[in-house]
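Basically this note's numbering = 1-based index in the sequence shown + 29.
I should point out that these hints are in silico values taken from the structure, not numbers from a laboratory.
Each hint should be verified, as a subset may be incorrect.
Distance condition first, Cα-Cα at most 20 Å in a straight line; then the derived SDA-like pairs of lysine to any residue [what the hints assert, rightly or not]:
| # | residue 1 | residue 2 |
| --- | --- | --- |
| 1 | K171 | R101 |
| 2 | K171 | F185 |
| 3 | K171 | T205 |
| 4 | K171 | P226 |
| 5 | K171 | D158 |
| 6 | K171 | R36 |
| 7 | K171 | P121 |
| 8 | K171 | D110 |
| 9 | K171 | L138 |
| 10 | K171 | R140 |
| 11 | K171 | R201 |
| 12 | K171 | Y139 |
What you are looking at is a predicted structure, and each value in this text was computed from that prediction instead of being measured.
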Amino acid sequence: VGIVAGRLASELRRPVAVIGFDEATGRGSLRRPAGARLFDALARVSDVLVRYGGHQAAAGFEVREERLGELRARFEESCRDLGYDAAREELPPLPLAPGEDPSLVLRDLYRLEPCGERNPLPVLSVDGDVRVAREVRGGHLKLEVELPGGRRLGGFGANLGDRAGALRGWVRVIGTLRPDRWRGGDAVEMLVRSVDPLSEPAAPQRG
Numbered sequence: 030v031g032i033v034a035g036r037l038a039s040e041l042r043r044p045v046a047v048i049g050f051d052e053a054t055g056r057g058s059l060r061r062p063a064g065a066r067l068f069d070a071l072a073r074v075s076d077v078l079v080r081y082g083g084h085q086a087a088a089g090f091e092v093r094e095e096r097l098g099e100l101r102a103r104f105e106e107s108c109r110d111l112g113y114d115a116a117r118e119e120l121p122p123l124p125l126a127p128g129e130d131p132s133l134v135l136r137d138l139y140r141l142e143p144c145g146e147r148n149p150l151p152v153l154s155v156d157g158d159v160r161v162a163r164e165v166r167g168g169h170l171k172l173e174v175e176l177p178g179g180r181r182l183g184g185f186g187a188n189l190g191d192r193a194g195a196l197r198g199w200v201r202v203i204g205t206l207r208p209d210r211w212r213g214g215d216a217v218e219m220l221v222r223s224v225d226p227l228s229e230p231a232a233p234q235r236g
């Protein structure tokens with residue numbers, strides 16, 4: 030439910046609660062757009078819940094089925110009352126310039142550590158020619174693109190495996206860089222948030 034809630038919150042740009050029920054008790058997960066205060070919103074409706082916990086960016090709870098309607102109405106009201114700080118919305122993805130070495134970019138990004146709630150890891154945009162796109166166990170996407178200049182970059186997209194068959198030619202990949210533990214050394218890969226076809230390669234950017 031956490032993965033589903035995260036994807037819906039990213040798509041809808043509003044706080045999302047997803048609940049999975051086992052008989053009369055449901056376990057829920059909350060995700061948000063940047064700036065929303067999930068824990069505060071949940072605390073306002075705590076009397077409806079069996080238990081809850083988490084922080085402002087992600088939280089979880091348990092609720093009895095007979096109180097679901099009450100929870101929905103009051104949580105929506107709570108989110109409206111609290112609102113969220115639009116100034117803390119995520120910045121647009123930063124494009125990786127043609128010829129840039131992703132491993133050196135990641136090394137530079139380490140200077141921004143520690144990353145977390147108030148200092149999110151920068152999201153990058155990369156254009157490349159698909160060399161590998163396949164669905165792997167669990168419904169995830171294994172991706173490899175060739176960047177302008179011939180360098181290759183691998184990627185992993187959680188729950189994006191159903192996109193593999195449609196990915197051919199040039200694509201734009203958006204996500205965050207991380208060390209590639211499988212290849213080791215200074216190899217890096219992209220943790221993919223989205224990948225979309227391009228009609229043609231983007232024109233090189235000039236500094």
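Checklist entry - Would the pair K171 and D158 pass a check requiring their Cα atoms to be no farther apart than 20 Å? => result Status holds; Cα separation ~14 Å.
Checklist entry - Does the structure keep K171 and R36 at a Cα separation of 20 Å or less? => result This hinted pair holds, its Cα atoms lying about 18 Å apart.
Checklist entry - K171 and R140: Cα distance at most 20 Å? => result violated (28 Å)
Next on the checklist: Check whether the Cα positions of K171 and R101 lie no farther apart than 20 Å.
Outcome noted: Not satisfied, since the Cα-Cα distance of roughly 37 Å exceeds 20 Å.
Next on the checklist: Just to be careful, I want the Cα atoms of K171 and L138 compared with a cutoff of 20 Å; is the pair within it?
Outcome noted: Distance ~24 Å between K171 and L138 Cα, so the pair is violated.
Next on the checklist: Can you confirm whether the C-alpha distance between K171 and P121 stays at or below 20 Å?
Outcome noted: violated (24 Å)
Next on the checklist: With the threshold set at 20 Å, check whether the alpha-carbon distance from K171 to R201 stays at or below it.
Outcome noted: Holds - the C-alpha atoms of R201 and K171 are around 15 Å apart, at most 20 Å.
Checklist entry - If you draw a straight line from the CA of K171 to the CA of T205, is it 20 Å or shorter? => result holds (15 Å)
Next on the checklist: K171 and P226 were given as a pair; does the straight-line alpha-carbon distance stay at or below 20 Å?
Outcome noted: This hinted pair holds, its Cα atoms lying about 16 Å apart.
Next on the checklist: Please verify whether K171 and F185 have alpha carbons no more than 20 Å apart.
Outcome noted: holds (5 Å)
Item to check | K171 paired with Y139 [C-alpha distance capped at 20 Å] | outcome: Violated - the C-alpha atoms of Y139 and K171 are around 25 Å apart, more than 20 Å.
Item to check | Distance restraint between K171 and D110, which requires alpha-carbon spacing of 20 Å or less | outcome: It is violated: about 41 Å lies between the C-alpha atoms, which goes past 20 Å.
Consistency with the previously given hints fails for numbers 1, 7, 8, 9, 10 and 12, ordered from lowest to highest.
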